[in-house]
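Okay, here's what each chain looks like letter by letter:
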Amino acid sequence: MTLLLGALTIGLILSLLALGVMISFRIFKMPDITTDGSITLGASIAAILLVQGVDPWAATAAGALGGMLAGAITGILHTKFKINALLAGILVMTALYSVNLHVMGRSNIPLMQARTLTSHAEEFGGKLIGAKSLNVYGWPVTASDAALLVFALMAAAVMGGILYMFFRTQIGTAMRATGDNPQMIRALGGNVEGYVIMGLALSNGLVALSGALLAQYQGFADAQMGIGMIVWGLASVIIGEALTGGRSLGLTIIGAIMGSILFRLLVAIALRWGLNPNDLKLITALFVFAALVLPGLINKIKRKTTNSHQ
Amino acid sequence: MLKIQSIRKTFNPDTVNEVRALQGVDLTIEPGAFVVVLGMNGSGKSTLLNAVAGTFLVDEGTIHIAGTNVTRWPEHRRAKLIGRVFQNPFSGTAPGMSIAENFALATHRGKPRGLGWALSRNLLNPLRDRIASLKMGLENRLDNAIGSLSGGQRQALTLLMATWLKPDLLLLDEHTAALDPKSADQVIALTNEVINRDKLTTLMVTHSMQQAVSLGERIIMMDRGRVLHDLQGPDKKRLHPQDLIDRFDQIRRREQLDESAAAMLRATYI
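Listed in order, the protein sequences are those of chains X and V. Counting from 1, position 45 in the first sequence corresponds to residue 45 in my numbering; the numbering is continuous, with no gaps. Counting from 1, position 54 in the second sequence corresponds to residue 54 in my numbering; the numbering is continuous, with no gaps.
To be clear, the hints were calculated from the coordinates, so they are not data collected in a lab. From the three backbone atoms N, C-alpha and C, an ideal C-beta is built for every residue, glycine too. Incorrect hints may appear among the rest.
[Unchecked claim] EDC-like mimics (lysine to aspartate or glutamate), calculated; alpha carbons at most 20 Å apart, straight line:
1. V:80 <-> X:241
2. X:80 <-> V:75
3. X:29 <-> X:222
4. V:111 <-> X:241
[Said to hold, decoys possible] Interface residues of chain X toward chain V, partial, derived using beta-carbon atoms under 7 Å:
5. 168
6. 181
7. 182
8. 184
9. 276
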């Protein structure tokens, strides 16, 4: 049961990463590798502030702000200096690796002693429930696990809701149009460069927020924790689209959250069954490859079979 | 309303691909005038329109719209003054977004966009009425993605979007060239209706002699980045498509003469 709750909680925390990737990949239609650096940046900033005794909310917000700055830099490299979007992301991601080591001062910061949002949530849950553990359909669940799950659920729901509302405002609609047809929104007076910079800042802010929360949940920040996270986010977005079957804004957002949870569950089950953790990234990459290629392939086969019937 | 003074533009200067697209164009358009631009491929007519729209900045000369010097303005800033319809029916609308959302974007052309809702009842009711007047049956499909519509429908909607806020200048870049004849006729009829109703100052590029003769009150013929003929008033009214075709033949003959003369000179002297 603890394993299941843990997988759900991490899935929900990483759904913020999935939402960030959804913004860059689906709304702006560019794969933004800054993600790999900004998730670690969010974790590093939050961690170093937490061990110095800064308020956990402020530390988490600072982590998210750091991610926004990183995203804005990628956006500026891409729009103002006309660097290919993929390359701009690679440059910032690479630079962030050093930045993160500088922020932390070493490659790993444990948070076991620090007061974090996790410990806040655990205490709050303990008080609210009153008992050390409770019974869910016959399974014992510790109060702190339940509290963390609820907290992560609220974080994902609040951010998903804010994003849904934001992308229906005048400025949010213009940002969606920027990814859909930049020529059109430019002819209607939209500052395409500005929207791309803002969009990447928003995307990486969410990713860094996810990193800050993840560090507090797992109890440490590590310079290596961001490797391959963009692929993780892509997998979540793609699974989500398969689950909800929709391309509308609301369905994409809900899908990204659901996809992240489901993907984490699948990973937990696979690891439980004895999957070598070293193979995890390989399998994630293979999965995203299959998800990108299969739909086109299936259509092709379908067309062939219908043609041969005629 | 539009005042262009000796603008020049050279693409890829000092390379083998150098193109002198505009070589000193002067043009003044009075408020409310409907001007048609004609020319052969590569004559610079689309380049002229793009120079006015701000797709690129000109090398020399000045452009004034509604008394404002916009020569150094970026494209999105000029959008406050300009409504545009492109040749490609896919260029003027965001395909993944609904009809209503596309119009919500058009209602803020050149205005600051804030955190208010993009869609509002204040927009949807007049929008439904206006789209119903197209008689394309789109008024009940406001929530459908625009990408699911035909090229003609999209071009008609683009025209409505470009003129939803009355622009100081309307730029039409061969906006019916990619449509089938029936859709093209519909879009032209709508163009005429909108321009006449709002007395829009319009600059329209076209390949169609028929459109050039029947629409507008002034024809500009361009050749090699310059204005070659400027027909207005009685001259324009008396014009037949055949006259225009004759003028094009003149241009073509002169160009051939230039080429054969050049070949002869090469053969003789080199």
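> When the hints from earlier in the document are held up against this structure, which numbers fail?
Replying inline: 1, 3, 4, 7 and 9
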